[in-house]
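Line by line, the protein sequences are chains F and W. Residues in the first sequence are numbered from -16 upward in steps of one, following this note's numbering. Residues in the second sequence are numbered from 335 upward in steps of one, following this note's numbering.
A hint or two may mislead.
As the list claims (entries may be wrong) - Label-pair distances were calculated between CB atoms; the ranges are:
(1) LYS269/F with ASP417/W: 56 to 64 Å
(2) LEU361/W with LEU17/F: 38 to 46 Å
(3) GLU84/F with ALA343/W: 30 to 38 Å
(4) ILE444/W with THR138/F: 49 to 57 Å
(5) VAL578/W with SER271/F: 33 to 41 Å
Just so you know, these hints were derived from the structure itself, not from any lab. Quantities reported herein were computed from a predicted structural model and do not represent experimental measurements. Backbone N, C-alpha and C define an ideal beta-carbon position, used for all residues, glycine too.
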Amino acid sequence: MATEGSERFDQVDWSDLSRSGRFDLSINSIGMLLTTLPLALLAVYDTQFIGDRTPTFEFIGLDRTFEAVDFFFIFTLFLAFWYLVLPLYQNPRMTRYYWKEFRRNRPAVVSMVWLGIVFVGGIIGPLVMSAPQQELLVAYQPPVFTSVVESTPATCVGEVMNGRCHGTWEYPLGTTNAGRDVFTMIVYGMTISMQIAFITTTIVATIGITFGTLSAYSGGWVDEIMMRFVDIILSFPTFLMFLLILYIYGGGLGMFIVVFSLFAWGGTARYVRSKSLSISEEEFIKASRISGASTYQVIRGHVVPNVASSIITQLTLLIPGFLLFEAQLAFLGVGDSTVPSWGQLISAGRSDLSYAPWIVLAPGIVLFLTILAFNFLGDALLDALNPEAEAESE
Amino acid sequence: MGFGRYVTARVLWAGVVSLIITTITFLLLSAAPNPDVQRAATQAALQGGDPAEAVERARELRGLDEPLYVRYFDFVQGVYTLDWGWSSSRSQPVIEAVGNALYYTAQYSIPWTILTVILGPLVGVYSAANMYSWRDHAATGFAFFGYAIPNFFFGIILLLIFGVWLEVIPIVYNTDVAVFSVENAIQLAIPVFVLVTGSIGAVMRVSRNESAEFQNADFMKTAKAKGVSPLRAYAYHVMRPTLVPLSTTLVGQLLALFLGSSLLVEVVFGIPGLGRLTFEALLSQDTNLVLGTTLFFTFVAVVGNLIEDLVFTVLDPRISYDDR
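Extracted from the complex, chain F is given alone in its bound form (with noise of 0.2 Å):
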């Protein structure tokens, strides 16, 4: 976030400010620090000191295991957090700024409303329901408010009149042909989005904008064959590759993310680097440059953080696109079927389609929903962020 000079001038505490050595650590920093450290204990625990089938907390009688994908969803929490979210509150003149411009659209206030209840939903969702438990004689129970035909459920939950059996709150979204609880397992997926979304975001923004800044300032050949590499990353066609690495290694959530990610960075490091480039041309790279500072409190000081306003926009709009791989991925049945994703729910009631839809429409809508909220969110956050780049979003 561009979080410098935003304070009046004569405001400015200028010994805090000269206080500038590469060792010292903003709150925010030691935040992470600290909250980072148990964390890593509990995975160095979770792998080295107890079996595979353990619960990780199973020491305080918990029993609730952790994966990789897990521990790493909660790291990029944590970093949104102490970097993201943090910031915003402490310089409350920005973001009243940010959240005057944004305030203006309409379909995104809407869309992050949306967006905040998918997040908080797939945070604590799973902590307070229970996973959804296969129960034959429940199957295909219609949500609330509508009616089947009697003869489609096992056994009718609600009450059956003129021979058609009507939904409850009990399952206010219907059941699978397991019956298993279709509002449940949406909120299951929320979660599986959501350590999509942070993750990827977290791992294309480190690659892209450490490669572009490198590449930048490296100038010269360097440069020329970073940016080929780039060329590579960009034409590489990953959902095909993906379902070749599926196909010879296997691979669960984890696999996923890694390997779309590691293939998305190419935009995002091409940005960065044009970005820089054209920072490091202004007054203020050559002031600091003047007043001794070196390339790396530059790039730290300087170029990243007013990179980073833009970067967030194209972020944004990089989501929906990983959201939709992973539920076309899931809906071909190559995906890790033990993930409880929404596009794992889409394929599961295909077979079903014709007499009980809203297995696959509940989860349809969600998805389609999500990623039209993630467009909306970018197409403000870019005319929020960025004045100067005028687009022409409504």
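Position chain W against the provided structure of chain F, taking the given hints into account.
What follows is chain W alone, placed relative to chain F:
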């Protein structure tokens, strides 16, 4: 750098990229156990033979006992001379299977591409001309809808409505009908519609935003002042400059959709095209066929990117060849 040299350099670079992707594919394959060899071992074990011996024989049969670099050169030579091996699941050469599948893929890809290329800019420019009217809002809404709805999900829903409930289209694609017949048009209408809604959104948005810039330009004011009819003014003075930036996004968009979504759409509608071929090859563990279809899609992507770059430089004289 002159234009000729730029084209040469760009074509050479496309060759290098395709070679690198081929190499990566080879490395991926050679690093993993070959399913054919494993199958031979399982069979030998089941029939009471020696699995190790069977593995040895299977490896020898497929030339896997040769050193890595020899296999690599053989592989690369095979790929570029279109000798893509034998598909065991379909009992025909891979290249022939790809050719057959391409016939069905082309039947819906060509109408889909033509419709997107023609309708997208038209609606976009129309929407810019009537900016902020209800027509513009409707077009924008449609663009976002098409962009956000997953193609395969949309396909399933339409198949449910038109195939299962209304029974106006066949649920499973019929390969027996002639290419240019009414039956074929009916059964391809929904897949084409799904793909067009998926790809047209981005084209509409780009052309709308680009042409909004041109419709208040000085040359438009001059044209209007001279009394040029609105249709002619838009066709000649707005549409043409809009098409230049559009051409860059267009190829990329279509390619992305072709590589990803066509596979899903073929699986949903049961069209025996390239995507379905890839998918079935994956399911039946037919390594040669998986490889062949993957490489085919890869080469389409490389050539598409090449054409996009070349077209852009030809269309827009402002682009210097040094800075790409």
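Taking the hints in turn, this is what the structure says about them:
For the pair LYS269/F and ASP417/W, the beta carbons lie near 59 Å from each other, so the given range of 56 to 64 Å is met. The supplied range of 38 to 46 Å is met by LEU361/W and LEU17/F, whose beta-carbon atoms lie about 42 Å from each other. Our hint of 30 to 38 Å for GLU84/F and ALA343/W is violated, since their Cβ atoms are close to 43 Å apart. Here the CB-CB span from ILE444/W to THR138/F is close to 51 Å, well matched to the stated 49 to 57 Å.
A C-beta distance of roughly 39 Å is found between VAL578/W and SER271/F, which places it inside the suggested range of 33 to 41 Å.
Hint 3 alone, counting from the list given before, is not met by this structure.
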